[in-house]
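Let's have the full structure, built from the sequences with the hints guiding it.
Going down the list, the protein sequences come from chains S and E.
Following this note's numbering, the numbering of the first sequence begins with 1 at its first residue and continues without gaps.
Following this note's numbering, the numbering of the second sequence begins with 1 at its first residue and continues without gaps.
Among these hints, one or two may not hold up.
To be verified - Facing chain E, from chain S, some residues (calculated, C-beta under 7 Å):
{"no.": "1", "residue": "76"}
{"no.": "2", "residue": "80"}
{"no.": "3", "residue": "83"}
{"no.": "4", "residue": "99"}
{"no.": "5", "residue": "170"}
{"no.": "6", "residue": "173"}
Because the hints were derived from the structure by calculation, they are not lab data.
Quick reminder that beta carbons are idealized off the backbone N, C-alpha and C, glycines included.
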Amino acid sequence: MIISVASGKGGTGKTTVSVNLARTIGSGVQLLDCDVEEPNAHLFLRGRETGSEIVTIPIPEVDESLCDGCGECGRLCRYHAIVSFGSVPLVFPELCHGCGGCTLVCPRGAIRETGKRIGVVETCDANSISLIQGRLDIGVAMAPPLIRAVKARLNREMTAILDAPPGTSCPVIATVRGSDFVVLVTEPTPFGLHDLRLAVDMIRELSIPFGVVVNRMGVGDDRVHRFCREEEIPILLEIPDDRRIAEAYSRGELVVDRVPEYASHFATLLWNIREFRNAGGA
Amino acid sequence: MKVAFTTSGTTLDAPMDPRFGRAQGFIVYDTENDTFEAVDNRQVLNSAHGAGIQATEAIVRQGAKCVVTGHCGPNAHRALNAAGIRIYTTEAPTVAEALEAYRAGALATLNAADVDGHWS
Numbered sequence: 001m002i003i004s005v006a007s008g009k010g011g012t013g014k015t016t017v018s019v020n021l022a023r024t025i026g027s028g029v030q031l032l033d034c035d036v037e038e039p040n041a042h043l044f045l046r047g048r049e050t051g052s053e054i055v056t057i058p059i060p061e062v063d064e065s066l067c068d069g070c071g072e073c074g075r076l077c078r079y080h081a082i083v084s085f086g087s088v089p090l091v092f093p094e095l096c097h098g099c100g101g102c103t104l105v106c107p108r109g110a111i112r113e114t115g116k117r118i119g120v121v122e123t124c125d126a127n128s129i130s131l132i133q134g135r136l137d138i139g140v141a142m143a144p145p146l147i148r149a150v151k152a153r154l155n156r157e158m159t160a161i162l163d164a165p166p167g168t169s170c171p172v173i174a175t176v177r178g179s180d181f182v183v184l185v186t187e188p189t190p191f192g193l194h195d196l197r198l199a200v201d202m203i204r205e206l207s208i209p210f211g212v213v214v215n216r217m218g219v220g221d222d223r224v225h226r227f228c229r230e231e232e233i234p235i236l237l238e239i240p241d242d243r244r245i246a247e248a249y250s251r252g253e254l255v256v257d258r259v260p261e262y263a264s265h266f267a268t269l270l271w272n273i274r275e276f277r278n279a280g281g282a
Numbered sequence: 001m002k003v004a005f006t007t008s009g010t011t012l013d014a015p016m017d018p019r020f021g022r023a024q025g026f027i028v029y030d031t032e033n034d035t036f037e038a039v040d041n042r043q044v045l046n047s048a049h050g051a052g053i054q055a056t057e058a059i060v061r062q063g064a065k066c067v068v069t070g071h072c073g074p075n076a077h078r079a080l081n082a083a084g085i086r087i088y089t090t091e092a093p094t095v096a097e098a099l100e101a102y103r104a105g106a107l108a109t110l111n112a113a114d115v116d117g118h119w120s
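In structure tokens:
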């Protein structure tokens with residue numbers, strides 16, 4: 001089973017839920033940190049690094065001796081990563097999404113692809129949790145290809161937890177697509193509700209069963225709960241606004257290891273995910 | 001010859017827009033017959049990236065041979081150069097004053113990008 005942990009709003013506790021859920025499953029579990037712009041699950045799961053691979057995307061390279069400046073490549077590229085002003089085209093590698101379309105439409109076969117490095121995928125064994133994380137290079141804006149490279153290491157024999165980036169844009173969709181269940185982590189505040197609505201719309205568009213974890217219960221108000229009731233969205237777990245959680249987090253420790261009662265809370269979460277997944281979720 | 005001015009308006013007394021790629025629009029002035037046309041550039045403002053390149057494509061479509069603006073980032077500079085468009089910079093407040101300075105030959109040409117991408 002593939003479980004994605006996402007949110008609209010940042011800082012709601014996606015990584016906290018992901019790492020503690022992975023620990024609760026215990027063994028035979030993969031944790032994929034898909035928040036490749038700032039992967040942080042490794043802070044809670046120290047272990048032995050088992051590999052590091054460079055990830056590239058294909059970008060066009062033009063053979064000037066073959067190009068006649070027809071401009072077909074530039075007309076095709078919606079990202080303006082290759083443009084021609086009646087001469088040999090200019091390539092803007094940082095805008096290229098690596099689709100390869102320009103090489104296909106070039107009538108003279110003047111364009112070939114070369115690899116441009118965008119980041120690395122690192123793997124690590126942390127006490128029976130297999131951590132796989134993407135790390136996007138500084139200055140690179142293209143997260144989805146790296147996220148797909150992280151997900152290419154999914155092992156369908158194991159349970160996988162995917163820690164998604166915040167928001168509802170392409171990197172999040174690249175992460176959650178293909179999941180069996182999505183856990184949306186929110187907080188009971190107006191901001192939390194606002195971004196939860198966006199995230200719910202996104203997940204419904206993708207037709208993936210989902211439920212909500214409300215973190216920091218006790219702050220804010222009851223509007224998230226009212227919204228979930230009206231929309232018939234299951235609340236899988238409520239995590240109190242507990243100073244002990246913040247203390248464990250600040251030391252890079254897992255709450256389920258440090259505060260025993262949370263081990264049973266996360267076991268409940270896992271049970272709820274399985275139940276609602278089988279029932280089709282929200 | 002056609003000269004493109006970056007502006008937030010559609011008339012000669014409109015203010016200059018110091019941005020090139022993300023200018024609201026252009027006034028393309030034809031110095032041969034003293035006529036001009038306003039070109040909307042707002043659809044480019046919705047793109048996350050590549051604004052300078054798209055603005056260059058728009059200017060090339062209009063047939064302008066030079067552009068008068070405030071600043072120009074690296075991608076826009078590369079694209080304008082490749083398209084053979086000369087870049088002038090000015091701090092003139094309005095299109096009319098920038099045009100005046102252009103005619104007087106008082107504008108500096110920009111030989112390299114003077115700001116980073118996404119500077120404003």
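Going through the hints against the structure:
1. Among the interface hints, the one on residue 76/S is violated; its C-beta lies about 14 Å from the nearest C-beta in chain E, farther than the 7 Å criterion.
2. Interface restraint check: residue 80/S against chain E, minimum CB-CB distance 4 Å, threshold 7 Å, status holds.
3. The interface hint given for residue 83/S holds, since its Cβ lies 6 Å from the closest Cβ of chain E, which is under the 7 Å cut-off.
4. Among the interface hints, the one on residue 99/S is violated; its C-beta lies about 15 Å from the nearest C-beta in chain E, farther than the 7 Å criterion.
5. Evaluation of the residue 170/S hint against chain E yields a violated restraint, the C-beta minimum of about 10 Å exceeding 7 Å.
6. Given the 7 Å rule on beta carbons, the hint for residue 173/S is violated: about 15 Å separates it from the nearest Cβ of chain E.
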